[in-house]
Amino acid sequence: MSASLAAPAPGGFGRMSLRLVLIGALLLLALLPVLNRLPADSALHVSDFIVSVSGKWITYAILALAIDLAWGYAGILSLGHGAFFALGGYAIGMHLMRLIGPRGVYGHPTLPDFMVFLGYKELPWYWSGFDHFPFAILMAVAVPGLLAGIVGFLAFRSRITGVYLSIITQALTYALMLAFFRNDMGFGGNNGFTDFKELLGMPLNTPSARSTLFYASLLLLLGALWLCGWIARSKLGRVLVAIRDAESRVRFLGYDVTQHKLFVFVLSAMIAGLAGALYVPQVGIINPGEFSPGNSIEAVIWVAVGGRGTLVGALLGAFSVNALKTWLTTVAPDLWLFALGGLFVAVTLFLPRGLIGLFSKAAK
Amino acid sequence: MSEAVLYLDGVSVVFDGFRALNNLSLIVEAGELRAIIGPNGAGKTTMMDVITGKTRPTAGVVRFREHDLTKMDEATIANLGIGRKFQKPTMFDALTVFENLELALKAPRGPMACLRWTLSGEARRRIEAVMEEVGLSARAHDRAAILSHGQRQWLEIGMLLMQDPELLLVDEPVAGMTDQETEHTAALLVRIAGQRSVVVVEHDLEFVRALGSKVTVLCEGTMLSEGSIDHVQNDPRVIEVYLGR
Amino acid sequence: MKHFILVLGVLLWLALPARAQDAFTAALPGLAGGFGDIATSVEQLGTAGDPRALPLLRALQEGKLQKAPDGRILLPQGADLADAATGQPADAAGAETVRLNNRVRQALRGALGRLQLVSPDAAERAAAADAIFRSRSADDVKPLQTAIARESDAGVRARMELALAAAQLVAPDESAKRDAIARLGAAGTVEARALLLEARTANPGLITAIDVSIASIERTLSLRQAAETLFQGLSLGSVLLLAALGLAVTFGVMGVINMAHGEFVMLGAYATFMVQEACRGIPWLAPWSLPLSVPAAFLIAAAAGAALERGLIRHIYGRPLETLLMTFGVGMILQQAVRLAFGAQNREVSSPPWMQGTLMLPGGISVTQNRLWIIVFGIAVLLLVVAAIRFTRFGLEMRAVVQNRRIAATMGIRTGRVDALTFAFGSGIAGMAGVALSQIDNVSPNLGTGYIIDSFMVVVFGGVGSLAGTLVGALTLGVVNKVLEPYAGAVLAKVFVLVAIMLFIQRRPRGLFALKGRAAES
Numbered sequence: 001m002s003a004s005l006a007a008p009a010p011g012g013f014g015r016m017s018l019r020l021v022l023i024g025a026l027l028l029l030a031l032l033p034v035l036n037r038l039p040a041d042s043a044l045h046v047s048d049f050i051v052s053v054s055g056k057w058i059t060y061a062i063l064a065l066a067i068d069l070a071w072g073y074a075g076i077l078s079l080g081h082g083a084f085f086a087l088g089g090y091a092i093g094m095h096l097m098r099l100i101g102p103r104g105v106y107g108h109p110t111l112p113d114f115m116v117f118l119g120y121k122e123l124p125w126y127w128s129g130f131d132h133f134p135f136a137i138l139m140a141v142a143v144p145g146l147l148a149g150i151v152g153f154l155a156f157r158s159r160i161t162g163v164y165l166s167i168i169t170q171a172l173t174y175a176l177m178l179a180f181f182r183n184d185m186g187f188g189g190n191n192g193f194t195d196f197k198e199l200l201g202m203p204l205n206t207p208s209a210r211s212t213l214f215y216a217s218l219l220l221l222l223g224a225l226w227l228c229g230w231i232a233r234s235k236l237g238r239v240l241v242a243i244r245d246a247e248s249r250v251r252f253l254g255y256d257v258t259q260h261k262l263f264v265f266v267l268s269a270m271i272a273g274l275a276g277a278l279y280v281p282q283v284g285i286i287n288p289g290e291f292s293p294g295n296s297i298e299a300v301i302w303v304a305v306g307g308r309g310t311l312v313g314a315l316l317g318a319f320s321v322n323a324l325k326t327w328l329t330t331v332a333p334d335l336w337l338f339a340l341g342g343l344f345v346a347v348t349l350f351l352p353r354g355l356i357g358l359f360s361k362a363a364k
Numbered sequence: 001m002s003e004a005v006l007y008l009d010g011v012s013v014v015f016d017g018f019r020a021l022n023n024l025s026l027i028v029e030a031g032e033l034r035a036i037i038g039p040n041g042a043g044k045t046t047m048m049d050v051i052t053g054k055t056r057p058t059a060g061v062v063r064f065r066e067h068d069l070t071k072m073d074e075a076t077i078a079n080l081g082i083g084r085k086f087q088k089p090t091m092f093d094a095l096t097v098f099e100n101l102e103l104a105l106k107a108p109r110g111p112m113a114c115l116r117w118t119l120s121g122e123a124r125r126r127i128e129a130v131m132e133e134v135g136l137s138a139r140a141h142d143r144a145a146i147l148s149h150g151q152r153q154w155l156e157i158g159m160l161l162m163q164d165p166e167l168l169l170v171d172e173p174v175a176g177m178t179d180q181e182t183e184h185t186a187a188l189l190v191r192i193a194g195q196r197s198v199v200v201v202e203h204d205l206e207f208v209r210a211l212g213s214k215v216t217v218l219c220e221g222t223m224l225s226e227g228s229i230d231h232v233q234n235d236p237r238v239i240e241v242y243l244g245r
Numbered sequence: 001m002k003h004f005i006l007v008l009g010v011l012l013w014l015a016l017p018a019r020a021q022d023a024f025t026a027a028l029p030g031l032a033g034g035f036g037d038i039a040t041s042v043e044q045l046g047t048a049g050d051p052r053a054l055p056l057l058r059a060l061q062e063g064k065l066q067k068a069p070d071g072r073i074l075l076p077q078g079a080d081l082a083d084a085a086t087g088q089p090a091d092a093a094g095a096e097t098v099r100l101n102n103r104v105r106q107a108l109r110g111a112l113g114r115l116q117l118v119s120p121d122a123a124e125r126a127a128a129a130d131a132i133f134r135s136r137s138a139d140d141v142k143p144l145q146t147a148i149a150r151e152s153d154a155g156v157r158a159r160m161e162l163a164l165a166a167a168q169l170v171a172p173d174e175s176a177k178r179d180a181i182a183r184l185g186a187a188g189t190v191e192a193r194a195l196l197l198e199a200r201t202a203n204p205g206l207i208t209a210i211d212v213s214i215a216s217i218e219r220t221l222s223l224r225q226a227a228e229t230l231f232q233g234l235s236l237g238s239v240l241l242l243a244a245l246g247l248a249v250t251f252g253v254m255g256v257i258n259m260a261h262g263e264f265v266m267l268g269a270y271a272t273f274m275v276q277e278a279c280r281g282i283p284w285l286a287p288w289s290l291p292l293s294v295p296a297a298f299l300i301a302a303a304a305g306a307a308l309e310r311g312l313i314r315h316i317y318g319r320p321l322e323t324l325l326m327t328f329g330v331g332m333i334l335q336q337a338v339r340l341a342f343g344a345q346n347r348e349v350s351s352p353p354w355m356q357g358t359l360m361l362p363g364g365i366s367v368t369q370n371r372l373w374i375i376v377f378g379i380a381v382l383l384l385v386v387a388a389i390r391f392t393r394f395g396l397e398m399r400a401v402v403q404n405r406r407i408a409a410t411m412g413i414r415t416g417r418v419d420a421l422t423f424a425f426g427s428g429i430a431g432m433a434g435v436a437l438s439q440i441d442n443v444s445p446n447l448g449t450g451y452i453i454d455s456f457m458v459v460v461f462g463g464v465g466s467l468a469g470t471l472v473g474a475l476t477l478g479v480v481n482k483v484l485e486p487y488a489g490a491v492l493a494k495v496f497v498l499v500a501i502m503l504f505i506q507r508r509p510r511g512l513f514a515l516k517g518r519a520a521e522s
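Heads up: the protein sequence lines correspond to chains A, B and C, in order. According to UniProt numbering, the first sequence is numbered sequentially starting from 1. According to UniProt numbering, the second sequence is numbered sequentially starting from 1. According to UniProt numbering, the third sequence is numbered sequentially starting from 1.
So that you can see chain A by itself, here it is in the shape it has in the complex (with noise of 0.2 Å):
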């Protein structure tokens, strides 16, 4: 079975040395911004995009890991949970635009400019509180973890387990999109929400703003993984996998199953939604697309390429693919959509542990 952080490794020589690579992958990441300062000519000069990109794939990684908790530890397969990172996005996208104020094309000083051009005469109430950037920060938290709280606890209560709950979360994800691309629900529609200036009072788009983006995202990261590492090694963790490879058992020793994975399933969104939240301001759009069900499934496959149960495993799988995904679409774009259609059914063929399995073999 997969092989987890949480078990006692005795003379696990391999699950070690990922480990040192993973501080020392992190560490080298975390160079990446300062390196970036150093002048062009130099040999170690990091270019923008290599900071910005990176930046954007660390939110990646920790939508991964958010993943990985669910799926691979409760083996609750979410395809819907781009829209968690989506709603998060969008919350601190409201506070980007309303942080816009007067700058934007209409001048207006407090509707943003689509609402302008759709003919809004105020804002609408749910827009309200949304120049805090605190409540934009909880709001990327909450509405992800409230949403994933009810659909999860109508779907894990009446015990929908599998592949129902993934279409169940897929059609969710689908239909938010649908819902997001309309006008009038306020949120931009197709457009969604873009040209934004700043955030807490720093000019996006700048060296600087760009690496205080990279460093709060690398922290987030550090963060969930310091909290997947605790959930992973602690009893609760191992309850999770005994979900996973027998639920029912698990009823008939006593826990509350639905309780477990709901805790779970709204952890894991929530953290998502954070990513969503970082990943926005870097990026500098928002749009309905993020809802889409291929985003939410892509993500899935990036856990799946490193190697679900492994919290390493999420990470490398979301680095290895962006890399390829980054590299590939720039020299051969119409190959992209091939690879990523090879790695799914390869990866569920031959290799179901993952990137990780395979070190985990070769270090045997």
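These are computed hints drawn from the structure, not numbers from a lab. Hints should not be assumed to be uniformly reliable.
Said to hold, decoys possible - Residues of chain A placed beyond 10 Å of chain B at every Cβ, according to the derived structure:
1. Ala-25
2. Ala-43
3. Leu-44
4. Pro-203
5. Leu-204
6. Trp-230
7. Ser-234
8. Arg-249
9. Val-250
10. His-260
11. Ile-285
12. Asn-322
13. Trp-336
Said to hold, decoys possible - Cβ pair distances, simulated, as ranges:
14. C:Ala-468 x B:Phe-18: 52 to 60 Å
15. B:Leu-119 x A:Leu-27: 30 to 38 Å
16. A:Tyr-120 x C:Leu-503: 52 to 60 Å
17. A:Lys-361 x C:Arg-339: 55 to 63 Å
18. C:Ala-468 x A:Glu-122: 47 to 55 Å
19. A:Tyr-120 x C:Gly-489: 16 to 24 Å
20. A:Leu-27 x B:His-141: 30 to 38 Å
21. C:Leu-223 x B:Phe-18: 42 to 50 Å
22. A:Ser-128 x C:Leu-384: 28 to 36 Å
23. B:Gln-87 x A:Ser-320: 54 to 62 Å
24. B:Gln-87 x C:Met-411: 24 to 32 Å
A quick note: this is a predicted structure, and the numbers were derived from the prediction, not measured. Ideal Cβ placement from N, Cα and C applies to all residues, glycine included.
Starting from the known structure of chain A, arrange chains B and C on it as the hints suggest.
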């Protein structure tokens, strides 16, 4: 007359017109050891399912002390103090023997409680004692997946002991065990009974004889005969449907 | 009595042309006279209803009608002139053009309109009725009544009736007005309602009668709307049924979750497109390209399905989540392959002539022919699937393998082959769904993605493994969607349906028609 722990009255279970249990009544008293035998399809496992909340009865009363079990889910029933060992040993293959027992150990079951849980010295001693009892001490840190069939049986009995239940439902505990292990199991169950109630479902009549307990014979979802092993073995109806062939 | 009327009718009909011919010849000399005479002649010709009057008046309107010095009227025939009365070629010497003034022009317009009412071309008659409806005057009543009596086309007659009512409403005859109001109320159309609303202000004395008629129209209209919504819902439901039937086989019966199912639907639609292109050059075959593409789409999608099952899926049986991911990847590859082969833009599959247009059902319910065909097709495919499972050797083996694989194998059934065939069968049904979808949706590489989630909802809602559940589930979802659409909009209707299904699953986790003891996983 001592107090009834488990009380089934007029319990019927109907699947698509098929009567798995038919007006079954059964009373198990505190501290009693009860063996249940019957041919395949007699409804033994269905009876266990009804008691543990896996299957809802179509009609009838199922009580554990003062609790109505027909309204409760599996986890609630387990937490009331009813433990079950399955016919086919099921445990968590990805976890070690020690972890399997730790999960079964009676302790707060909520997510936050599990997250904050730390293994106290006393809990560790209890787990080690049970591992000793079921002969798995040497395999504490092996994954359950690599245990032999007999060892899996033992691990499941161990998990049942860790739960510290008031009523133990044990489904075919000695299938795949050696004669020596079978004796050991019988002695273990006899020892447990007295403080707790134990219901054992078994095919192996020698084992049932070794238990020396009251025996209930089920057939076609209803009770056919009840009494000592000698009594039921001489009951003509029992001989006809089960033993005499 | 009946016979008498019939005979009388026939006699009248026979007599009509003769009388008209007289009137036609009699009116001709007037055209050579002054403007007043010309106008009178035009009016006479307009009411005569002679087939020769129409080209004559048209020539007059276009300024091509000549009069000879002897007063004969000459009609241009090709490059030459002919005597309008006899049709014989005539000498053009000394002929001059018949002139028009405003009075003649006005008479001409009315006469032409009435003449068109008896034109042999149904479209021209309908256009004439519409023209009269717009310019209505009391003079139109009589010609309209004549035309209605002779009209054989129901659609044209309905328009003439409307025009007649409009004309009667502006005519002075009070009882005719009341009669027209009642008939408009019975007609129950939007146009009739508009006409009545207009007449309401002009006829204060008739307001009660008009309001009664309007209320009756509104009842008819809302009933008709309900019927049309139901029809649209059933038609959407049939589309869902077609898309979900294949899933009911692969997911419901085999327990294999195939996320590339939507792409098989898409392959079916492209197969339809290719068959259409292949038939384009063969005129007698072109109208039948759509029925031809049904087997083609089935075979292509079935082949793809068999390849997927044998090549990939069978290696990971019993691992539903992995199967889900893998087949999603396959779907991605298929989409991209089609996108590269055919381009990302939409491809047009046209409906054959016999599927175009709308059909008027009794009660004025209009249904589009292609939607009607999709319902028929959906039912046909359902019956086909049921028959294949119930009555064929393959169906028997399939059920045997599903129920007990090992025993089926010991009885000599090659289970691997049955798996492949079953999966191919389900995929082929998806291909046939693609043929139907090509008629109502754009054929594009991502055609299938929009339907796959809905189809899974249908299967989950209806109950996994039950064809009856799939049928009821599909039709219910289709109708509910269409009923909600006017109130909530298409998107919110979808969201609402999703929420409703989630709540529904709370009560019946295994769907409407749950099969006990079997599921994709236990």
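So, going through the hints one by one against the coordinates:
1. Ala-25: Nearest chain B Cβ is 27 Å from A:Ala-25, so the label holds.
2. Ala-43: holds, 47 Å
3. Leu-44: With a cut-off of 10 Å, A:Leu-44 remains clear of chain B, as the shortest Cβ separation is near 43 Å.
4. Pro-203: holds, 41 Å
5. Leu-204: Nearest chain B Cβ is 37 Å from A:Leu-204, so the label holds.
6. Trp-230: violated, 7 Å
7. Ser-234: Its Cβ does come within 10 Å of chain B, the nearest being 5 Å, so this is violated.
8. Arg-249: violated, 5 Å
9. Val-250: It is violated; A:Val-250 is separated from chain B by about 8 Å at its closest Cβ, not greater than 10 Å.
10. His-260: violated, 5 Å
11. Ile-285: Given a closest Cβ separation of 37 Å, the condition holds.
12. Asn-322: The claim holds: A:Asn-322 sits with its nearest Cβ about 29 Å from chain B, beyond 10 Å.
13. Trp-336: holds, 35 Å
14. C:Ala-468 x B:Phe-18: 52 to 60 Å: violated, 22 Å
15. B:Leu-119 x A:Leu-27: 30 to 38 Å: Roughly 33 Å apart at Cβ, these two residues keep to the hinted range, so it holds.
16. A:Tyr-120 x C:Leu-503: 52 to 60 Å: violated, 33 Å
17. A:Lys-361 x C:Arg-339: 55 to 63 Å: violated, 37 Å
18. C:Ala-468 x A:Glu-122: 47 to 55 Å: holds, 52 Å
19. A:Tyr-120 x C:Gly-489: 16 to 24 Å: Because 19 Å falls inside the window, the suggested range holds.
20. A:Leu-27 x B:His-141: 30 to 38 Å: This hint holds: roughly 32 Å between Cβ atoms.
21. C:Leu-223 x B:Phe-18: 42 to 50 Å: Given range 42 to 50 Å: holds, Cβ gap about 48 Å.
22. A:Ser-128 x C:Leu-384: 28 to 36 Å: violated, 57 Å
23. B:Gln-87 x A:Ser-320: 54 to 62 Å: violated, 45 Å
24. B:Gln-87 x C:Met-411: 24 to 32 Å: holds, 28 Å
Figure legend: structure checked against the earlier numbered hints; hints not met, in rising order: 6, 7, 8, 9, 10, 14, 16, 17, 22, 23.
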